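Visitor: Here is what each chain is made of, one letter per residue.
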Amino acid sequence: MAETYDADVVVIGSGAIGANAAYELARLGKTVIILEAGSRIPRWKILENFRNSPRKNNFNDPFPNARWAGTSMDHSYLENTGSFDYRPGMVKVVGGTTWHWVSACWRFLPNDMKMASVYGRGRDWPISYDDLEPWYCRAEEALGVVGDNESDQSGAGGDKPFPPRSKPYPLQPEGTMYFTQRTRKRLEAAGFNFVHEPNARVTAPYDGRPQCCGNNNCMPVCPIGAMYSGIFHVDHAVNAGAKLLTESTAYKLEKGEGNKIVAVHYRKPDGSDHRITARYFIVAAHAFETPKLLLMSDVANSSDQVGRNLMDHTGMGMFYLADEPLWPGRGAQQQGGFANFRDGPHRMHHSAFRHQSSTWVPNYSVAENLISQGIFGKELDRRIRHDAARWVEVVTYLEELPNPANTVRPHATRRDGLGLPTLTVNYNVSNYIHDAAPHVLSDYDKMVQTMGGTYIRRDNGLQNRDHVMGSVIMGENPKDSVVNSDCRTFDHHNLFLATTGVIPAAATVNPTLTGVALAIRAANIIAREI
Amino acid sequence: MSCNTNPTQKSSTFLSKTYTEILDRRTFLRSALIAGMTISVIRGAGSHARADDTRLQPGPKLPPVAFGRVSAVLTDKNNLNSTIAQRAYTALVATDSHFPEKLAALYHALESSNIKNSEDFMKSEPYRDQALLDTAKAITKAWYLGHSGTPDSHDIHDNAHYIAFSQALMYQPTLDATIVPSYARAGLNYWVNPPLTIATD
Numbered sequence: 001m002a003e004t005y006d007a008d009v010v011v012i013g014s015g016a017i018g019a020n021a022a023y024e025l026a027r028l029g030k031t032v033i034i035l036e037a038g039s040r041i042p043r044w045k046i047l048e049n050f051r052n053s054p055r056k057n058n059f060n061d062p063f064p065n066a067r068w069a070g071t072s073m074d075h076s077y078l079e080n081t082g083s084f085d086y087r088p089g090m091v092k093v094v095g096g097t098t099w100h101w102v103s104a105c106w107r108f109l110p111n112d113m114k115m116a117s118v119y120g121r122g123r124d125w126p127i128s129y130d131d132l133e134p135w136y137c138r139a140e141e142a143l144g145v146v147g148d149n150e151s152d153q154s155g156a157g158g159d160k161p162f163p164p165r166s167k168p169y170p171l172q173p174e175g176t177m178y179f180t181q182r183t184r185k186r187l188e189a190a191g192f193n194f195v196h197e198p199n200a201r202v203t204a205p206y207d208g209r210p211q212c213c214g215n216n217n218c219m220p221v222c223p224i225g226a227m228y229s230g231i232f233h234v235d236h237a238v239n240a241g242a243k244l245l246t247e248s249t250a251y252k253l254e255k256g257e258g259n260k261i262v263a264v265h266y267r268k269p270d271g272s273d274h275r276i277t278a279r280y281f282i283v284a285a286h287a288f289e290t291p292k293l294l295l296m297s298d299v300a301n302s303s304d305q306v307g308r309n310l311m312d313h314t315g316m317g318m319f320y321l322a323d324e325p326l327w328p329g330r331g332a333q334q335q336g337g338f339a340n341f342r343d344g345p346h347r348m349h350h351s352a353f354r355h356q357s358s359t360w361v362p363n364y365s366v367a368e369n370l371i372s373q374g375i376f377g378k379e380l381d382r383r384i385r386h387d388a389a390r391w392v393e394v395v396t397y398l399e400e401l402p403n404p405a406n407t408v409r410p411h412a413t414r415r416d417g418l419g420l421p422t423l424t425v426n427y428n429v430s431n432y433i434h435d436a437a438p439h440v441l442s443d444y445d446k447m448v449q450t451m452g453g454t455y456i457r458r459d460n461g462l463q464n465r466d467h468v469m470g471s472v473i474m475g476e477n478p479k480d481s482v483v484n485s486d487c488r489t490f491d492h493h494n495l496f497l498a499t500t501g502v503i504p505a506a507a508t509v510n511p512t513l514t515g516v517a518l519a520i521r522a523a524n525i526i527a528r529e530i
Numbered sequence: 001m002s003c004n005t006n007p008t009q010k011s012s013t014f015l016s017k018t019y020t021e022i023l024d025r026r027t028f029l030r031s032a033l034i035a036g037m038t039i040s041v042i043r044g045a046g047s048h049a050r051a052d053d054t055r056l057q058p059g060p061k062l063p064p065v066a067f068g069r070v071s072a073v074l075t076d077k078n079n080l081n082s083t084i085a086q087r088a089y090t091a092l093v094a095t096d097s098h099f100p101e102k103l104a105a106l107y108h109a110l111e112s113s114n115i116k117n118s119e120d121f122m123k124s125e126p127y128r129d130q131a132l133l134d135t136a137k138a139i140t141k142a143w144y145l146g147h148s149g150t151p152d153s154h155d156i157h158d159n160a161h162y163i164a165f166s167q168a169l170m171y172q173p174t175l176d177a178t179i180v181p182s183y184a185r186a187g188l189n190y191w192v193n194p195p196l197t198i199a200t201d
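Those protein sequences? They're chains A and B, same order as listed. Okay, so the first sequence: first residue is 1 according to our numbering, each after it adds one. Okay, so the second sequence: first residue is 1 according to our numbering, each after it adds one.
Looking at chain B on its own, in the form it has when it is part of the complex (with noise of 0.2 Å):
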């Protein structure tokens, strides 16, 4: 489901007078929240980009088929942005350089067993294998929290690389209600009032 574009419209529905938030029409997924439907990822790095993502560039590798499958059957997404996939993968392999057997392993495994989502997955005979579900951890890390490897809060040097940020994976949950660090988007004391979700969340 594509992303809503007349904000005009939805703010009357959605906002009381009180607020003075400004949505940010392009990552405003109210409307795909309620429809349970598949969130969509903004696409490409050009089109809706902000400040950390204008200047992605996709890396030197191109990522197996396989790494596409994979991950969309991890993340429940056929959607996924590509440049990111790009970006995931070279992070992933600059990281650990045996990720390419790992993820042959992985994708193997997913493909012997027929399993097409992560529900499956979380049954399956693969996922209880450490070696397996520590790849399919990796991957999923790299989408969501938008880089590989283990970043080091009071060490400069360390084995994580940047993959994305405001388009990384764990802010689409709740963009409605939070924001992506330093990407305000309303006033002074917005603050005061609850997300409008608030009775149901």
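With the rest of the complex left out, here is chain A (with noise of 0.2 Å):
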């Protein structure tokens, strides 16, 4: 009897990752189905209430959070029992959570991938830059990337462009802020090498959007739509043909016959139950969720590795006055900054970790930092103006190492508002980015005293960098992962997972871009096998 299916291929999760994914396949003429938790939030919406919000340096905060789609700034839904309090921003909705981000887009480099090879910590990718470059063309011309063709990514202050590309970058940059004219002629004289951040923030119209015009405010929400987010690909995918059902959250992962996936549950906020059934099914629920629903089905975890190995690009950042006006706020929220430890022997030793400039318009951190210590009237509004043109923060990107113990599961006894189990995480930070503290602290030393600064904050802790990583770990190995090299479970030969959870080697850069290329090639996979 010949089997029927509701679709050729079922896609959880409607992010940037699940949405190129879908798109990729529809455009090569399989029939999808996009499962999402969430619902459609228009983007004038998302910009009325970030522009009405008390709390505008939580970019959750313009988001619902709605009873059957929680999400990670509530406490009630994210439970952390470790040491560090692991609270990257997760939304559900429509587009997922690159709708506030600010659109970082670095590739990895090779030796990021081969770790233990190199540098015998941690674990090697079992596939190499080379093997992933392709496919990082793709995802550039995805999400329209804007980038410098002729520099030296790692931070080494070298004169050839690497990693090496077989194509540009689709997009040139944007023009250099006098803030990173300034900053960048100061401190490279001091040895400090800067490297312009590949962004998706388009400096042309692009694929139906336009150029940017510096709102400065890629988080939470660009305004006009330069930057890319998820919704585009969501589109893109339906008007070729792809279905989304929203407010749809997958529950389980049906087994059948040969150890496939034959079916996907999935809740309504009504509390009716759904069944549709596919030939192929991907996760791309993001590394929380996509982990936590193979633990709830008891699918794909014959390793034991479901839902371990979480990492982030666990973070350190300071504050200084500058002793030259720079203005930071003029133009986007990020444009660049000084990477000589991003790669490098140390990372035998410790953490490798990369500066960037944050270059958001500063008002609120200055005027709250002057009032907190006591000035007022006329002399507040001097120093703002004062404060605000010298105003530097640096963020800083550490690398941590996977370790099983660090954890994401569903929560044994609370509930959603579906019923379904919430999330809870278990972390500590490795002594792997405890160990690069003093050097990144020595940087910041180096950087305040070449810019005649002042600190105003000198060590702002340990941070969330918002890049979940590990969590259904890819591997050669099926023993000690989750999946393999096309981001195939091990255990189940038809269920593929679209998510930065697969990374096992983190890095120092944002890792949604390498996310979106390891999604575009396990679609073409899929697609020859249907």
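These aren't lab readings, by the way, just hints derived from the structure by calculation. Since the model is a prediction, treat every value here as computed from it, not as a measurement. There may be inaccurate statements among the hints.
Unchecked claim - The calculated DSS-like cross-link candidates involving lysine-lysine, where the alpha carbons are at most 27 Å apart (straight line), are: (1) Lys114(A) / Lys160(A); (2) Lys116(B) / Lys102(B); (3) Lys137(B) / Lys378(A); (4) Lys185(A) / Lys137(B); (5) Lys378(A) / Lys45(A); (6) Lys123(B) / Lys252(A); (7) Lys123(B) / Lys378(A); (8) Lys114(A) / Lys167(A); (9) Lys123(B) / Lys102(B); (10) Lys479(A) / Lys252(A).
Assembly of the complex is requested from the two constituent chains, each provided in isolation within its own frame, with the hints serving as guidance.
Guide: Right, dumping it as structure tokens:
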């Protein structure tokens, strides 16, 4: 009897990574259903919510936190039991969490993917940079990435472009901010190597999006859609024939004959349960909800690594006043930073790290700092102008190693508004990161000294950097990995995972572009098999 | 001093031809800064409002006269927006139910010591009283930061209440150089140039 299916492929999750997989499959002529737990919220409404929020430094605030679609800043939804409160931004809406990123689109370096072989720490990826390179090109075209084709992005200050590229960036970089011109000139003279951050804020009309005009609001929402968000590929996928089901929370992957996945069950806010069938399944539900779904379903876990090896680019940061007016806030929220320690032999001993300047309009931080010090009136206004012009914020990204004891799991007892388990994380920061901290602080001291600066705050402590990796780890060996180098689960031939949760070695760069590259590649593998 | 209403004239005086910046005439304060005069706050929610202001509701509680007087002393501004004053007072009470008593104590202290402006305040006895100083900071933060309480970047539950955004006083001193976030007023790459005032900033 011929099998009938509701679709060729079901994609669970409509964020940037799932939406790109769905679009690629639809474009290749496959029938696709996308399940999304959250609702659709239009850009103008997110923007209005932001403008009317009293907590503008909380990037989740403009987005719904529905009882059936819990998000990460709700402590009753995401519990932490370890010594570090691991709490990335995570929202459940059509288009996913890239509504509120800054769109940093770095490639991993070749050595980033060979940490064990080259540095004797952590894991190797089961694929190389060269394997992934053509898919990086596809991902950059999809997102509309702007970048400098000439720069040595390793931070070593070389005069050749690195890592190697088979195609130039789709778009030219944005103009160099005055802030960047000045800080770069002075800090490069002191030995810091500046690298422009490739990003997805288009510098010319692209794929129906306008070019950036400096709203300085990338996080939490680009008012005009110059910046990429997953919503664009949700719309592309639907226009190419994919079907989107919103308010539809997947809660069980059903196993069948031959240990294939035969169906996914999902629940609606009214409590009704539904079952749909497909030939292939892609779970793209974020690096938290993907392992949670697998664990709830008891699938793909013969390795016992599902929900383990959770990683972030645990961060450090500082603020200082420079000795000259620089005027951060003219342009986007980030442009580049100093990356000397992005790669190198130090990785044998301690974490790599990479500095970025945050070029937000600084008035909130400036005014809050001055008023807290007891400054009022005309003096306050004078100082706001003086300090805002000179305010420099540096954020640093460090590299965690995979540790099976760092976990994300369904909560044993707590339930959400659908009666499904909430999330519990257990996370502790390793010595690999702690041992890098003195080197980070030494860089900070040198920066401040070079810029004739005065610290406002030298050490903000360890911070979340919102880059969730490792929780469904990729590897060569089914005994210690959840997916193979295709992002196919070892246990189920027709189950793929499209999430930064597959990343086995974190590096120091934002992982979404890598996740999209892997997802487009996986979609092509699936398309050949259907 | 009122806001300049003829943008073309100001543009030719202050902008080089390479600039593509389109100055929002309702917030152009360059002349006010040079003259060193009190910066005029946009009056009323209806007339020159931006998107976040168009639906500002004053709130149920009429603030006591003390609130306006104390706010004027702490900010050195005698033309504070009355709608925002009402919103600020409402928000401060929502965050802290004891705020009315704390306001009264601060008002009384300022009156008894004849403190008329912020400079006097920062040299005074009440300034050295922690409780009075905390109240002064809370009021000033309400006007400058546009919310009461303490917002939490990683928790959806906190005690902050929204007051204003584009009319929050923290942006006024720098509006010629930088924008209120999400309200762009120029085009791609305007940012390669510094603000016009760079030589004297």
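Visitor: Compare the structure with each hint and give your call.
Guide: Each hint tested on the structure:
1. Lys114(A) / Lys160(A): Holds, because 21 Å separates the two Cα atoms, which is no more than 27 Å.
2. Lys116(B) / Lys102(B): holds, 19 Å
3. Lys137(B) / Lys378(A): holds, 15 Å
4. Lys185(A) / Lys137(B): Violated - the C-alpha atoms of Lys137(B) and Lys185(A) are around 39 Å apart, more than 27 Å.
5. Lys378(A) / Lys45(A): Not OK: Lys378(A) and Lys45(A) at ~36 Å, beyond 27 Å, violated.
6. Lys123(B) / Lys252(A): violated, 67 Å
7. Lys123(B) / Lys378(A): At roughly 14 Å apart (the allowed maximum being 27 Å), Lys378(A) and Lys123(B) satisfy the hint.
8. Lys114(A) / Lys167(A): holds, 23 Å
9. Lys123(B) / Lys102(B): Given that 27 Å is the threshold and the Cα spacing comes to 20 Å, the pair holds.
10. Lys479(A) / Lys252(A): holds, 24 Å
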